[in-house]
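Undergrad: Spelled out from the first residue to the last, the chains are:
2 protein chains.
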Amino acid sequence: MPSPTIRRLDVASPVPADIDIANSVEPLPIADIAAELGLRPEHYDLYGKYKAKVLLAVLDELKAQQDGYYVVVGGITPTPLGEGKSTTTVGLCQALGAFLDKKVVTCLRQPSQGPTFGIKGGAAGGGYSQVIPMDEFNLHLTGDIHAITAANNLLAAAIDTRIFHENSQSDKGLFNRLCPANKEGKRHFADVMLRRLTKLGISKTDPNELTPDEIRRFARLDIDPESITWRRVMDVNDRFLRKITIGQGPEEKGMVRETGFDISVASEIMAILALTTSLADMRERLGRMVIGNSKSGEPITADDLGVGGALTVLMKDAIHPTLMQTLEGTPVLVHAGPFANIAHGNSSIVADKIALKLVGKGGFVVTEAGFGADIGTEKFMDIKCRYSRLVPQCAIIVATIRALKMHGGGPEVVAGKPLDHAYVSENVALVEAGCVNLAKHISNTGSYGVNVVVAINKFASDTEAEMNAVRSAAMVAGAFDAVICTHHAHGGKGAVELGLAVQRACESQAEPLKFLYPLESSIKEKIESIAKFYGASGVEYSEQAEKQIEMYTKQGFSNLPICMAKTQYSFSHVPSMKGAPTGFVLPIRDVRASIGAGFIYPLVGTMSTMPGLPTRPCFYEIDVDTATGKVMGLS
Amino acid sequence: MPSPTIRRLDVASPVPADIDIANSVEPLPIADIAAELGLRPEHYDLYGKYKAKVLLAVLDELKAQQDGYYVVVGGITPTPLGEGKSTTTVGLCQALGAFLDKKVVTCLRQPSQGPTFGIKGGAAGGGYSQVIPMDEFNLHLTGDIHAITAANNLLAAAIDTRIFHENSQSDKGLFNRLCPANKEGKRHFADVMLRRLTKLGISKTDPNELTPDEIRRFARLDIDPESITWRRVMDVNDRFLRKITIGQGPEEKGMVRETGFDISVASEIMAILALTTSLADMRERLGRMVIGNSKSGEPITADDLGVGGALTVLMKDAIHPTLMQTLEGTPVLVHAGPFANIAHGNSSIVADKIALKLVGKGGFVVTEAGFGADIGTEKFMDIKCRYSRLVPQCAIIVATIRALKMHGGGPEVVAGKPLDHAYVSENVALVEAGCVNLAKHISNTGSYGVNVVVAINKFASDTEAEMNAVRSAAMVAGAFDAVICTHHAHGGKGAVELGLAVQRACESQAEPLKFLYPLESSIKEKIESIAKFYGASGVEYSEQAEKQIEMYTKQGFSNLPICMAKTQYSFSHVPSMKGAPTGFVLPIRDVRASIGAGFIYPLVGTMSTMPGLPTRPCFYEIDVDTATGKVMGLS
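The listed protein sequences derive, respectively, from chains A and V. Using the numbering used here, the first residue of the first sequence is number 1, and each one after it goes up by one. Using the numbering used here, the first residue of the second sequence is number 636, and each one after it goes up by one.
Chain A with its partners taken away, still in its complex shape (with noise of 0.2 Å):
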């Protein structure tokens, strides 16, 4: 028996726009869609009618609970206009709650707001697929971007802060305004600094005892401007902050620096919320991220800089994910938005956690990752999965007739320029040509141990002809099943097929996951094993990059996992070699490392981690109507 929360859609022929379609189905109280997962009111905090944060604490008291089939959404390298991914996550779990009765949650990133407004556009889905309402998931939501970009900047003003007021004090001047005493005179340490103080190997409590060369290293972070890794951050498309400098200021004194700001999902701290289990453990991370280094080579911390807790005060709420609801009225978890090319990509392992108890033994959880194979899901498992413990029992590749057609060397796709000819007629052979983009997507997918199930995400203009050959091709390439689905223009109904052909991969999944590399392995060794299931013939650093390596070898974070920054327009480094290219050097401009999220990451060629706006942006169509209060224009 289906879910009283389930609704069913009259579909219309052609699909309307998506905005049409979310306006015209009345979202329900989004306590009625907790209720339904057997969440009571002590679980969760409203947010407006139709969202609402489930608090993490749920995950204790279902620890006893069973988890349910984990899924995870990739795809095929895209076009820059997208194939369809989240639409097919949106659309499966709507096929699975609303019409094969299973217990299903979609765990979703949060959008950026700069796309939004920018080229992109929103990503609630699209069609019959979509999360509702749409303008509240691609907006704020719950303000966790906003939280992270406030406790991104409040470590980056304190940086720059604190080199100002060390160039101007002396050690027991900067002693004394750390540690003040009080009227009676005495001093004490905030509890923060006895964090640097263990890390100092000093073991003095009383601020009294420390001698003047314990003052001197407790007091004087020393850190080298030309070292610090820690950007600013904003959520809006700015490309002129791209590259600024700072402190020009008369009162700055001259201290004058280059820095520049990216795009908020980029912050390490928005991969510290997709990577955390527990508030202890985001705690501990958000006070171990390294801004920079001191002039004598030591990593500088947050919580060397006494603000690591005031981080985790900015982020208690963002822990919490936030449920909404799809247009069929299955439930959703939206959390953590990390872009997939310049980071891991990830929704959030408490909201997948969370999720897997909630629909418990025989449900589902379909959580997406980011862009291709080799960028999204890659980090998928060997990140993401690394520290959650969790394992998928099946991998879905979105495949699109156009991209493939791409990939059999049709024309360049451009945002924002009507589509070649080539791209909405028949051309099998086109298609076959490009399987060979789906089929290393699918072996690479495959050698972590999961089925491989393909979705066709079937276009208007495809045809049967075209979606055989991809069939075909898929199931030559090793896949468990290939399926055509046309849950954009149907809904769920349009997924059912795609819907059994997951829960088949679910219930015959045996194997265990195995990851690409260990995590014992160098960081070279790492970096070579990525290029090479990329299809690289090999890797080839910059002098930076080999000093970065060496640098972070040498402080002792050569055991993280790599997260590779790379164009998700090709598995290689240039975005114009499409297919399956091979032969081809992995060049790394540069290494650098998210201690707190837990991961070294490396710069594959030049990517931008603040995109720009258009001559004409998504801004100029979208208004409030105000006598309604309903947001327009926004796709």
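Worth flagging that the hints you see were computed from the coordinates, not collected in a lab. Predicted model only: the values in this text are computed from it and were never measured. A few of these clues could be false.
Stated by the list, open to error - Pairs of lysine-lysine, BS3-like flavour, derived with a Cα cap of 27 Å:
{"id": "1", "chain 1": "V", "residue 1": "K818", "chain 2": "V", "residue 2": "K839"}
{"id": "2", "chain 1": "A", "residue 1": "K253", "chain 2": "A", "residue 2": "K204"}
{"id": "3", "chain 1": "A", "residue 1": "K243", "chain 2": "V", "residue 2": "K807"}
{"id": "4", "chain 1": "A", "residue 1": "K547", "chain 2": "A", "residue 2": "K199"}
{"id": "5", "chain 1": "V", "residue 1": "K684", "chain 2": "A", "residue 2": "K63"}
{"id": "6", "chain 1": "A", "residue 1": "K630", "chain 2": "V", "residue 2": "K684"}
{"id": "7", "chain 1": "A", "residue 1": "K253", "chain 2": "V", "residue 2": "K878"}
{"id": "8", "chain 1": "A", "residue 1": "K49", "chain 2": "V", "residue 2": "K698"}
{"id": "9", "chain 1": "V", "residue 1": "K888", "chain 2": "A", "residue 2": "K417"}
{"id": "10", "chain 1": "V", "residue 1": "K996", "chain 2": "V", "residue 2": "K1128"}
{"id": "11", "chain 1": "V", "residue 1": "K1265", "chain 2": "A", "residue 2": "K63"}
{"id": "12", "chain 1": "A", "residue 1": "K49", "chain 2": "V", "residue 2": "K684"}
{"id": "13", "chain 1": "A", "residue 1": "K172", "chain 2": "A", "residue 2": "K295"}
{"id": "14", "chain 1": "V", "residue 1": "K698", "chain 2": "V", "residue 2": "K1149"}
{"id": "15", "chain 1": "A", "residue 1": "K172", "chain 2": "V", "residue 2": "K1052"}
{"id": "16", "chain 1": "A", "residue 1": "K243", "chain 2": "V", "residue 2": "K1159"}
{"id": "17", "chain 1": "A", "residue 1": "K361", "chain 2": "A", "residue 2": "K514"}
{"id": "18", "chain 1": "A", "residue 1": "K417", "chain 2": "V", "residue 2": "K807"}
{"id": "19", "chain 1": "V", "residue 1": "K1052", "chain 2": "A", "residue 2": "K183"}
{"id": "20", "chain 1": "A", "residue 1": "K199", "chain 2": "A", "residue 2": "K172"}
{"id": "21", "chain 1": "V", "residue 1": "K1149", "chain 2": "V", "residue 2": "K1159"}
{"id": "22", "chain 1": "V", "residue 1": "K1265", "chain 2": "A", "residue 2": "K49"}
{"id": "23", "chain 1": "A", "residue 1": "K524", "chain 2": "A", "residue 2": "K295"}
{"id": "24", "chain 1": "A", "residue 1": "K417", "chain 2": "V", "residue 2": "K818"}
{"id": "25", "chain 1": "A", "residue 1": "K186", "chain 2": "V", "residue 2": "K1052"}
{"id": "26", "chain 1": "V", "residue 1": "K821", "chain 2": "A", "residue 2": "K417"}
{"id": "27", "chain 1": "A", "residue 1": "K630", "chain 2": "V", "residue 2": "K930"}
{"id": "28", "chain 1": "A", "residue 1": "K186", "chain 2": "A", "residue 2": "K199"}
{"id": "29", "chain 1": "V", "residue 1": "K698", "chain 2": "A", "residue 2": "K253"}
{"id": "30", "chain 1": "A", "residue 1": "K204", "chain 2": "A", "residue 2": "K186"}
Claimed, not checked - Between beta-carbon pairs, the in silico distance windows are:
{"id": "31", "chain 1": "A", "residue 1": "E226", "chain 2": "V", "residue 2": "G1044", "range": "44 to 54 Å"}
{"id": "32", "chain 1": "V", "residue 1": "S1172", "chain 2": "A", "residue 2": "E251", "range": "22 to 32 Å"}
{"id": "33", "chain 1": "V", "residue 1": "K1149", "chain 2": "A", "residue 2": "E251", "range": "39 to 49 Å"}
{"id": "34", "chain 1": "A", "residue 1": "N559", "chain 2": "V", "residue 2": "K807", "range": "51 to 61 Å"}
{"id": "35", "chain 1": "A", "residue 1": "G38", "chain 2": "V", "residue 2": "P1053", "range": "49 to 59 Å"}
{"id": "36", "chain 1": "A", "residue 1": "N182", "chain 2": "V", "residue 2": "E1160", "range": "22 to 32 Å"}
{"id": "37", "chain 1": "V", "residue 1": "G1191", "chain 2": "A", "residue 2": "P250", "range": "33 to 43 Å"}
{"id": "38", "chain 1": "V", "residue 1": "M1267", "chain 2": "A", "residue 2": "G173", "range": "21 to 31 Å"}
{"id": "39", "chain 1": "A", "residue 1": "N208", "chain 2": "V", "residue 2": "G1173", "range": "48 to 58 Å"}
{"id": "40", "chain 1": "V", "residue 1": "M1267", "chain 2": "A", "residue 2": "S296", "range": "27 to 37 Å"}
Note that CB positions come from ideal geometry on N, CA and C, so glycine has one too.
Based on these hints, arrange chain V on the given structure of chain A.
TA: For chain V alone, kept in the frame of chain A given last:
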């Protein structure tokens, strides 16, 4: 009969730390507070268990209801430690609601997170007169300031990117990108573009009909980079962003520009949030914000950039005030939070209006204005009341013995340093000498035609004789009454006398509100009226100020009210001139305009719009107890 949500406090002596008092009281579910105010669940959106956004639609529903009494709280010229204005506002409301059985709503500003983590700490009141939960009050609240940051910075990104795209494209190229042809070859203007066409006097609605000259005028904003007054904002004390150079990335093609960040609460969008009266009004105000001029001297607005609608979408939830509660269970509306020195410093018109309807006839709304009566109260009367058409019946001036001693010639008071002996031992002569400051605040405030009640906020070391001296001086200066209050130590019970005095003042008030200047006066005449009000003998304009006044007058903006950006530490522009200085010449360094908010703001001397962090910021003490989730160390 007191309302069922009222709770009695067990007060301890000496008064414990603010956070300990706040944590010792279990807040009521905010739904209970809402119900007691007569609000039904469809009137508000919950944000967790202890906060709710009261929807603006309530105003429409209650429009037939009579307003309650309207009381504004200002203060004397403060020390850097603050004189307890928020605390008195809360204490008075606790007295009215919990002891005098009146319907009452407190209207407070949302504090900036910058100072919370910097020097000042939180702003939820103090002692036994606080808003709870105080951590939620002081941190993200319901995301309004984050929304302002996002909107402000989207506009900033739109400005620089537009200049960038105009620099590299022909008129026709620009136009084709702004109005691209769709699949059928049709072009259309986005709604926001029609606003620009109207402004240009072009009545055509079909893009294909524009002449080349009209295309150029429409598509090329031709912004003069030197004229841009719009700055980016961040809700963090980040002094290194005060002056920066942007656009130094290689892709920005050398289009570098000097600019800077202000703290978010200084954004014009915050001023709009505080002064707007409806969603439709906010849409218009956001669209007409002027960001600078074209090279030919025409003001360029957010709507010219196509972004007014998107800004409104970002701000559409922020327009609803947030309901919270005091320690004694009386209701509080928190909304908007502009700084009173660099902005108008008052909470929102919509919060006050909703509150006046909710308390109804005979009830009380107590709203706080920032800093002294020269700053917050002047702007309350001449800007806020002018836009809201509301009339206060009573103005409170909060005074402390400490601040009066400073005005009488006591030694400098410095935040973070122990108080001089003079401030903690009896010195009636010093207090009497300092009462010139109080007297001037009384006569200035009284000149608007309202009854002035002085609230003497008693500290433990203040003596009877000192307080009596203040009472006498206040009555001589024309106060309606002057009352000693102990709400910090005793909660509402300590402000019952104040509550009775306020009630008498409200009931006997009959005069209409007398503004300080008519809007029709010239910009200079209005500035000079305010300067005289401060005690200045004249005004001196910089060349830049003269130029700007001339420009704004020419652009047709001279009939707006004036919002002076002036130090809060003196009636004059010199923080060290205490008491009631006269004969000084007020220097106007620059004049800017907030056309959307609706005021001209002269800068008196140098005012920082971005605070900094001290060597040991408040954040050192702030952390989460990861076992309970409670915030520790907020002050």
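Undergrad: For each hint given before, does the structure comply? Return the numbers of the non-compliant ones in rising order.
TA: Violated hints: 2, 3, 16, 27, 29 and 36; rest satisfied.
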